[in-house]
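What follows is each chain in one-letter form.
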Amino acid sequence: MKILICLGNVPDTTTKIKLVDGKPDLTNAQWVINPWDELALTRAMQLLEDSNNSVAKVDVATVGKISSEPTIRKALAIGADEAFRIDAEPTDAYFTAAQLAQVASNYDIIITGIENADYNGSSVGAMLAELLGFASVSAVSALNIEGSVVKLNREIDGGKEMLTVDTPVVLTVQKGIAIDPRIPAMRGIMMAKKKPLNVLAPVEAENLTEIIAFEMPAPKGSCKMVDPANVSQLVDLLRNEAKVI
Amino acid sequence: MNFELTEEQIMIRDAAREYAQREAIKDVLERDAKAEFPTHHVKALGELGFLGMMADPKYGGGGMDTVSYVLAIEEISKVDASLSVIMSVNNSLVVWGLEKFGTEAQKDKFLPPLCDGRQIGAFLLSEPEAGSDATHQHTTAEDKGDYYLLNGTKNWITNAHSASIYLVVAQTHPDLKHKGINAFIVDRNSPGISLGPHEDKMGMRSSDTHSVMFTDVKVPKENRIGEDGFGFSFAMKVLEGGRIGIASQALGLASGAYERALAYSKERKAFGTEIANHQAIAFKLADMAVKIENARNLCLKAAWLKDQHKPFGLYSAMAKQYAADIAMEVTTEAVQIHGGYGYVKEYHVERLMREAKLTQIYEGTSEVQKIVISRTILK
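Going line by line, the protein sequences match chains G and D. Using my numbering, read the first sequence as starting at 1 and increasing by one per residue. Using my numbering, read the second sequence as starting at 1 and increasing by one per residue.
Hints were generated in silico from the structure; no laboratory data involved. Check the hints yourself; a few may be wrong.
What the hints assert, rightly or not - In silico lysine-lysine, DSBU-like type, Cα no more than 30 Å apart, as pairs: (1) D/K266 / G/K18; (2) D/K266 / G/K16; (3) G/K194 / D/K269; (4) D/K284 / G/K18; (5) D/K379 / D/K179; (6) D/K43 / G/K194; (7) D/K107 / G/K194; (8) G/K175 / D/K26; (9) D/K269 / G/K220; (10) D/K269 / G/K18; (11) D/K269 / G/K57; (12) G/K193 / D/K179; (13) D/K266 / G/K224; (14) G/K57 / D/K100; (15) D/K301 / G/K193; (16) D/K266 / G/K220; (17) G/K194 / D/K310; (18) G/K16 / D/K237.
Claimed, not checked - On the chain G side, residues computed to face chain D include the following (Cβ under 7 Å): (19) P70; (20) L132; (21) P184; (22) A185; (23) R187; (24) M190; (25) L200; (26) P202; (27) L208.
As the list claims (entries may be wrong) - Where chain G lies over chain D, by a calculated footprint (3+ residues, C-beta under 8 Å): (28) 47-58; (29) 131-145; (30) 307-315.
Computed from a predicted structure; not experimentally measured. In this text, a Cβ means the ideal position worked out from N, Cα and C, and glycines have one as well.
Taking the hints into account, I'd like the entire structure generated from these sequences.
Structural data, given as structure tokens:
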């Protein structure tokens, strides 16, 4: 059984975003593996190391320019066997899914994080499944493989749903799939540069969405302190200024 | 001249940072309070390859360069200098000393478990009456034909309790003075070894420090390192490299305290604005940043020289002296910037200040570094 993890290359989640000329300015951002994808990779590595299943290979794929290579190299250092980089900017979900489809068709389980930490589109996984004609399961919080039986948990309102699926399948995974992302070991870092990192040309695909504008959230209003003895002032402010009563 | 780090060096730095900021931080305050050895962290760092980073992969090492080592020690030290001193002693004194000067049989036998964290090592040079002046070794190693007999006391031994392997320096031929000194690989469980009480230290409280007593301890002949009388040279050469580790630790203490002070100064308000907007604080931060950058450059230069197989002793001494001294200054200023909060343990900077003090003392005091530096430049 072969697993493919689709990796997003995203700004570190602590990056302070500024808009310059109406677009997010990411020039000083640190780029990292999308956190959900990193957890997916961690789970896949655990499965690869466990001899009670048929997982034999874990590969990674990303859509990005050469600047995304340090992130994909980290995935190889963590333990992925082989990497694919489709040499294009991931401009929208459909375009990205179409690029990933060229490598994903050979795998039994394809995993994407539930969303990318940058634009939070949450669409690539489902689109990829549709393009490949594979089954798709969303919001997976646990993945176990016994022999070649794939068992999943999904978070649903007020509880969990347990299911088994046939392969090939595309999973979008969320928190719970693994606890902490794995830190690459020295040996892995050393081996990463010898592992294959295949660069593929992008296929023709259109963008189905267009970003019209970005807007920053309104800054938090300042806090007005009211003397506890002055309840009428509080009521007045709530009624006439905040207009909530 | 190239100041760019390689992709691997960046990955190692980031891996160390991730471990420190995510794992070591969790119990660092508690371990400091209880003076508790970080057993689980040592095991994890061993599994990640941080305990034998520079050793040849054929002995289970990481095969990394000294520049990567500086980067990793700085990151761990920003959070936990007790953990980084365990790393430093194991990597640059024990593993490096054995790999550089041990026989093939010694390396095959002792290095693999020291590199992957199954065992850690300790380096036993200081004595109650021989600290900075290491030529006057009172511990004796009497040649008994097919073994040596060790007697004496060693002081201030990092990892004394937790280590499985000791590298011990002792006098075999007192008439030859320092040329009669030998170094030995000693099994910590050998009969005749006993430990003094756990030292109740000001800082680095999570690393275990004891005195070690040897009473008629038999050491097999094949455990001597190098030729008869090589021990003093061995110790000096090993310490030359060890200084890079402690210099990087001092650097990490300084940069860890600075990063905390910088963040705090942008949050804490006084007189209607963040305190970073007051020149008194902004200038302190500027001074700290310059000192840290200087210390980092010295550490990396010493490491680079070592990686190029060029003489590095002058630079490792400069790096150790400068980084240790500025670590004391920068951590003290970080406490000052935090005001009252800096004086309570929750904010970490007081601990970093306590720990910085030791970097001016161990593995050669700042004064000893100045002896090394002045003797070299006056040659």
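Now the hints, each set against the structure:
1. D/K266 / G/K18: holds, 18 Å
2. D/K266 / G/K16: holds, 14 Å
3. G/K194 / D/K269: Cα-Cα ~51 Å, so violated.
4. D/K284 / G/K18: Holds, at roughly 28 Å.
5. D/K379 / D/K179: The given pair, whose Cα atoms are some 22 Å apart, holds under the 30 Å limit.
6. D/K43 / G/K194: Measuring from Cα to Cα gives roughly 27 Å; hence the hint holds.
7. D/K107 / G/K194: holds, 27 Å
8. G/K175 / D/K26: Given that 30 Å is the threshold and the Cα spacing comes to 21 Å, the pair holds.
9. D/K269 / G/K220: holds, 18 Å
10. D/K269 / G/K18: Holds, because 23 Å separates the two Cα atoms, which is no more than 30 Å.
11. D/K269 / G/K57: Measuring from Cα to Cα gives roughly 54 Å; hence the hint is violated.
12. G/K193 / D/K179: Violated - the C-alpha atoms of D/K179 and G/K193 are around 46 Å apart, more than 30 Å.
13. D/K266 / G/K224: holds, 23 Å
14. G/K57 / D/K100: violated, 39 Å
15. D/K301 / G/K193: This hinted pair holds, its Cα atoms lying about 25 Å apart.
16. D/K266 / G/K220: Given pair D/K266, G/K220 holds - Cα atoms ~18 Å apart, limit 30 Å.
17. G/K194 / D/K310: Given pair G/K194, D/K310 holds - Cα atoms ~29 Å apart, limit 30 Å.
18. G/K16 / D/K237: Roughly 47 Å separates the two Cα atoms, so the pair is violated.
19. P70: holds, 6 Å
20. L132: For G/L132, the interface hint is violated, since the closest Cβ of chain D sits about 32 Å away, which is over 7 Å.
21. P184: holds, 5 Å
22. A185: holds, 5 Å
23. R187: The hint holds - G/R187 has a Cβ within 7 Å of chain D, the shortest such distance being about 6 Å.
24. M190: holds, 6 Å
25. L200: Hint violated; G/L200 Cβ to chain D Cβ min 21 Å, cut 7 Å.
26. P202: With a minimum Cβ separation of about 24 Å from chain D (threshold 7 Å), the hint on G/P202 is violated.
27. L208: violated, 35 Å
28. 47-58: Our answer is that it holds, as 6 residues pass the Cβ test (under 8 Å) against chain G, meeting three.
29. 131-145: Answer violated; 0 residues pass the 8 Å Cβ test.
30. 307-315: Violated, because only 0 residues of the segment 307-315 of chain D bring their Cβ atoms closer than 8 Å to Cβ atoms of chain G.
Hint violations for this structure: numbers 3, 11, 12, 14, 18, 20, 25, 26, 27, 29 and 30, all remaining hints satisfied.
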